Amino acid sequence: GESVGLHLPTLSVQEGDNSIINCAYSNSASDYFIWYKQESGKGPQFIIDIRSNMDKRQGQRVTVLLNKTVKHLSLQIAATQPGDSAVYFCAESWGKFQFGAGTQVVVTP
Amino acid sequence: NAGVMQNPRHLVRRRGQEARLRCSPMKGHSHVYWYRQLPEEGLKFMVYLQKENIIDESGMPKERFSAEFPKEGPSILRIQQVVRGDSAAYFCASSPPGQRNNEQFFGPGTRLTVL
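Protein chains in written order, with the working numbering: chain A, 9 to 117; chain B, 188 to 302.
Just chain A, same shape as in the assembly (with noise of 0.2 Å):
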């Protein structure tokens, strides 16, 4: 999951497994929710989004889940490989934008 602080969780996946992270967003009245991945020395970039009146979306190899019933929102990533090895942060956004801290993703061979 994700925290606010100075020390980034970590998810060490092995290569091929599939890997999941979560996030818990703060505000109920967002209605609109993006994942992004940043590599280090780089900007953000747009992994997949989702709007609230869905449960589910489906990119290439990416899922997205949102239960607004408890406020959280995963990312699955399936056969997990070493470039998927990068910062993933949830945005959350009801006209504004707010970012997570982020969760450090480490694929092994």
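Please keep in mind that the hints were generated in silico from the structure rather than gathered at the bench.
The structure displayed is predicted, hence computed values, not measured ones.
Think of the CB as a built atom: it goes at the ideal place given N, C-alpha and C, for glycine as much as any other residue.
Possibly wrong hints are sitting among the right ones.
[Stated by the list, open to error] Computed, partial: chain B to chain A, Cβ under 8 Å: (1) PHE278; (2) GLU290; (3) PHE292; (4) GLY294; (5) PRO295.
[Said to hold, decoys possible] A few chain B positions that, by computed beta-carbon distances, are all more than 12 Å from chain A: (6) LEU198; (7) GLY203; (8) ARG207; (9) SER253; (10) GLU255; (11) ILE263; (12) ARG265; (13) ARG271; (14) GLY272; (15) SER274; (16) VAL301; (17) LEU302.
Let chain A serve as the given structure and place chain B on it in line with the hints.
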């Protein structure tokens, strides 16, 4: 279609100097956002601008920081009399016209180091 451009990519300033960070949004985008990121922390919203207007500057320090997005040219984030605590990565994002709840496309960032 070029993405969001930021320059410079790296900027070194001594305490007390001014820092100017530039952001050119994606073609057709009229909304610009500035964020600040400290190591191992998330993005902190600073300011949201549309052409010639500051829409929301609730995340920007009241002193020393200013932002503009003129009718012509890039958006500028200006930090006067920089201090060591201003050292961070500053990211710009843009989104197309319309509601604020649109996907934001990020630039590569400017890494500011204050000596």
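Status of the hints after comparison with the structure:
Below 8 Å, beta-carbon pairs count as interface contacts, and PHE278 of chain B has one with chain A at about 6 Å; its hint therefore holds. For GLU290 of chain B, the interface hint holds, the least distance from its beta-carbon to any beta-carbon of chain A being 6 Å, beneath 8 Å. The interface hint given for PHE292 of chain B holds, since its Cβ lies 7 Å from the closest Cβ of chain A, which is under the 8 Å cut-off. With its C-beta approaching chain A no nearer than about 5 Å, GLY294 of chain B sits inside the 8 Å limit, and its interface hint holds.
Given the 8 Å rule on beta carbons, the hint for PRO295 of chain B holds: about 5 Å separates it from the nearest Cβ of chain A. The beta carbon of LEU198 of chain B is kept farther than 12 Å from every beta carbon of chain A, the shortest such distance being approximately 15 Å. Non-interface call for GLY203 of chain B relative to chain A: holds, since the shortest CB-CB distance, roughly 27 Å, exceeds 12 Å. The beta carbon of ARG207 of chain B sits about 19 Å from the closest Cβ of chain A, which is more than 12 Å, so the claim that it is off the interface holds.
Here SER253 of chain B stays apart from chain A, with its beta-carbon at least about 20 Å from theirs, past the 12 Å limit. Residue-level check passed: GLU255 of chain B sits 20 Å from the nearest beta carbon of chain A, beyond 12 Å. Residue-level check passed: ILE263 of chain B sits 18 Å from the nearest beta carbon of chain A, beyond 12 Å. Every beta carbon of chain A lies more than 12 Å from that of ARG265 of chain B, the smallest distance being close to 20 Å; the non-interface claim holds.
Even its closest Cβ contact with chain A, about 17 Å, leaves ARG271 of chain B beyond 12 Å, as expected for a residue assigned away from the interface. Residue placement check: GLY272 of chain B keeps its beta carbon more than 12 Å from all beta carbons of chain A (closest about 15 Å). For SER274 of chain B, the shortest C-beta to C-beta distance to chain A comes to about 15 Å, beyond the 12 Å cut-off, and the non-interface label holds. Remark: the non-interface label on VAL301 of chain B is consistent with the geometry, its nearest Cβ contact in chain A lying 19 Å away (cut-off 12 Å).
Every C-beta of chain A lies more than 12 Å from that of LEU302 of chain B, the closest at about 20 Å, which supports listing it as non-interface.
Consistency with the previously given hints is maintained throughout, with no hint failing.
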